[in-house]
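Now for the letters of each chain:
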Amino acid sequence: MSALLQVKGMSAWYGAIRALYELDLSIEKGGVTALLGANGAGKTTTLRAICNMIRRSGNTILDGTDITRRSTEDIVRMGVAHVPEGRGTFVALTVEENLKLAFHIRRDHAEARRDMDLVFEYFPRLKERIRQQAGTLSGGEQQMLAIARALMIRPRLMLLDEPSFGLAPLVVQEIFRILRRINAEEHVSMLIVEQNAALALDLADHVYLLETGSVVTSGPSAMVQNDETLRKAYLGY
Amino acid sequence: MDFFVQQIAAGLTSGAIYACVALGLVMIYVSTDHINFAQGEMAMFATYLAWAMIDAGLPYWVAFGLTVAIAFGGGLFIQRVVLKPLENAPVLALVVCFIALLSIFNALAGMIWSYTIKQFPSPFPARDIFGNGLVSVQQLGVVAVTLIMLGALTVFFRYTTLGLAMRAAAQNATSARLMGVRVSWMLALGWGLAAAIGAIAGMLVAPIVFLDPNMMTGILVYGFAGALVGGIGNPMGAVAGGFIVGVLENLVGSYVIGNELKLTFALIVVIGVLLLKPAGIFGRVIVKRV
Chain P
0 MSALLQVKGM SAWYGAIRAL YELDLSIEKG GVTALLGANG AGKTTTLRAI CNMIRRSGNT
60 ILDGTDITRR STEDIVRMGV AHVPEGRGTF VALTVEENLK LAFHIRRDHA EARRDMDLVF
120 EYFPRLKERI RQQAGTLSGG EQQMLAIARA LMIRPRLMLL DEPSFGLAPL VVQEIFRILR
180 RINAEEHVSM LIVEQNAALA LDLADHVYLL ETGSVVTSGP SAMVQNDETL RKAYLGY
Chain E
0 MDFFVQQIAA GLTSGAIYAC VALGLVMIYV STDHINFAQG EMAMFATYLA WAMIDAGLPY
60 WVAFGLTVAI AFGGGLFIQR VVLKPLENAP VLALVVCFIA LLSIFNALAG MIWSYTIKQF
120 PSPFPARDIF GNGLVSVQQL GVVAVTLIML GALTVFFRYT TLGLAMRAAA QNATSARLMG
180 VRVSWMLALG WGLAAAIGAI AGMLVAPIVF LDPNMMTGIL VYGFAGALVG GIGNPMGAVA
240 GGFIVGVLEN LVGSYVIGNE LKLTFALIVV IGVLLLKPAG IFGRVIVKRV
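First to last, the sequence lines map onto chains P and E. Under numbering that gives the first Met the number 0, the residues of the first sequence are numbered 0 to 236, in order. Under numbering that gives the first Met the number 0, the residues of the second sequence are numbered 0 to 289, in order.
Since the hints were made in silico from the structure, they are not lab data. The beta-carbon is built from N, C-alpha and C at its ideal position, and this holds for glycine as well. There may be inaccurate statements among the hints.
To be verified - Residues of chain E clear of chain P, computed beta-carbon distances all greater than 12 Å:
1. Leu11
2. Asp54
3. Ala88
4. Pro89
5. Ile103
6. Ile111
7. Val208
8. Ser253
9. Tyr254
10. Leu275
What the hints assert, rightly or not - Facing chain E, a subset of chain P residues (Cβ under 10 Å, in silico):
11. Cys50
12. Arg54
13. Val75
14. Gly85
15. Phe89
16. Glu96
17. Ala145
18. Ala149
19. Ile152
Chain E with its partners taken away, still in its complex shape:
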């Protein structure tokens, strides 16, 4: 029983991180219909920035805040400079562009910080929270940071006019323009938010998996699986999907297939969802009249 609870706790912890990655993907998907394959590498790069700041002597949370801010600015910048000129380009051109971003960030990180694995500090102690070896403060901290971020995003999208404008722009760009909303800037904001969320995911996962330029490759697959399970067009669904994938992956890994095949499990989930329920659990099926 204790082992089961431990697995659930560990699953929720990785689930929180997948949820962040999934949310970053959905954030861009809902407004542009594109999957940003560079989401993981952008997060990894931001995590390196945080590492460099902490290495230079900045307190953890200062580095955390600065990294989120820089990631936000970076996401905004990428949309404005790289993607805006491609507004009317075919999807394949964009896919190539995302893959280019992916390898650029990967290579850049390797070039600047080398490919050797680095330790990334966690602000939360690894000790038990109840003293019975079930849940650690570190695990609780990761979930708490994710939930706080979700709460902040929910408030932003539901209760601010800027959040409303972003939702309107994602839903019906033409109509939003006719209400005076600068749609192209809303897309840039979406990229900024996605990058910031990714940075948080990166900083949360780095103490667990250690920091290296390929840190996010596997996690992006889990995040993608989470987004698909929840319904790729639904932010809340993506978060729920992230947690579901995290817990399932851990349980299936410890009881059924063993740790080595965990990533395979994520890929099976991706294929399974696409085959059986392409809209995801919480997604809406969009019927197009022809």
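Bound conformation, chain P alone:
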């Protein structure tokens, strides 16, 4: 397997405050990589930096193309779908309009329509609510909508920022089951940020552990799962 996304020596700032220190990441094609760490370790910042949403330095290479200087919009158009913290719902648009927004950047509208059917296969609940205002959806449904929106742009890589946040355990299980299917069936690679480490380790095949803006260690999920000291020190279980 070759790397789909390579991040080299990435630092990032919020105003004058430095949040990332020379981060190196490599995300395998077709795999699921988890980014774990305590609050404030820089997980969300890393996702934002990859999409050029904040001031940052270093290099980002997507499938051999340097995307460091590209705008957020361009990076998305190149196939990096970011499911943001807080779900980014367009609350006054209907569920259908939330999804149809992807038609704006897609040339192949016939195929996009097929993708919409596909999305509804993964999330039948969204189909039931197709004409509803997205702001009236439950938290779990809005998270599903966020993932569905990302899927609609036919991504090569999905960046997921705490998809379990604020959701009931059963809903979280459902969403992670669907994510696993999307990864396997649609061949979408994923980089997932999670507070719920056990859940993320279960889904991911590779893990990076962050602490105060730097990578502490990285390796296959099984390595972290089996390393009690590591788990206790950084993941708290």
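Go by the hints and put chain E onto chain P.
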């Protein structure tokens, strides 16, 4: 009774124009949270362009179409060149910038075309529509043009993906960017549309009030009142508000306070709405959690 109907018809006619101005204001407000004080002067300037074209011998509707197109391009240009560099500037800087645009357009029009009042042709005859002296073809034409424009805009925003992208960008810019929408261009498009709508308002009102560089000053106040009455964040509300202000202004002017105080009435409406119902009739109250 006839007088009452005449006043309503005249009110709806000016209301249609206020609705256009209000819509232009709302178009920019929903996506940037700014009130473009230069909206009226931009419309006035576009109307002068139309006048110059008609004066040069172009047929009315050709000049009308060209003016709308040029206004659209001009609005786009202003956003790209003047406002984009101010993206992260404080609100006051922007207000100053809008006022600067206002005086630039005003002075430019005076410089090029002089401050003497000019007659602007109307494509609609002034004769009665039913022969009973109540409603003129001119009045009906103004309302019809406004409604056609509204219909076109509604179709654009509701049924095209570009319209959808513009709505998404106005609602949640960050999230729209993450869907690949070029938000900054959507703002420019919004400015283009606002300028085009303003140009239509200017060309509709010019035959009634005559063309001069200060033509839109009062009308902008009415348009602003209309936008506020309807709810400044709601395009449909702004249009309804424009019509409401137009009709009320006429009725209050003819029955209560007389024509001289009409503009005062608009200002009272502005203050009244802001004091009593800041969200307007159709606006949503936005509660911010702190």
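Taking the hints in turn, this is what the structure says about them:
no. : hint   : verdict
1   : Leu11  : holds, 30 Å
2   : Asp54  : holds, 41 Å
3   : Ala88  : holds, 17 Å
4   : Pro89  : holds, 16 Å
5   : Ile103 : holds, 31 Å
6   : Ile111 : holds, 39 Å
7   : Val208 : holds, 37 Å
8   : Ser253 : holds, 40 Å
9   : Tyr254 : holds, 40 Å
10  : Leu275 : holds, 25 Å
11  : Cys50  : holds, 7 Å
12  : Arg54  : violated, 13 Å
13  : Val75  : holds, 4 Å
14  : Gly85  : holds, 9 Å
15  : Phe89  : holds, 5 Å
16  : Glu96  : holds, 6 Å
17  : Ala145 : holds, 9 Å
18  : Ala149 : holds, 8 Å
19  : Ile152 : holds, 6 Å
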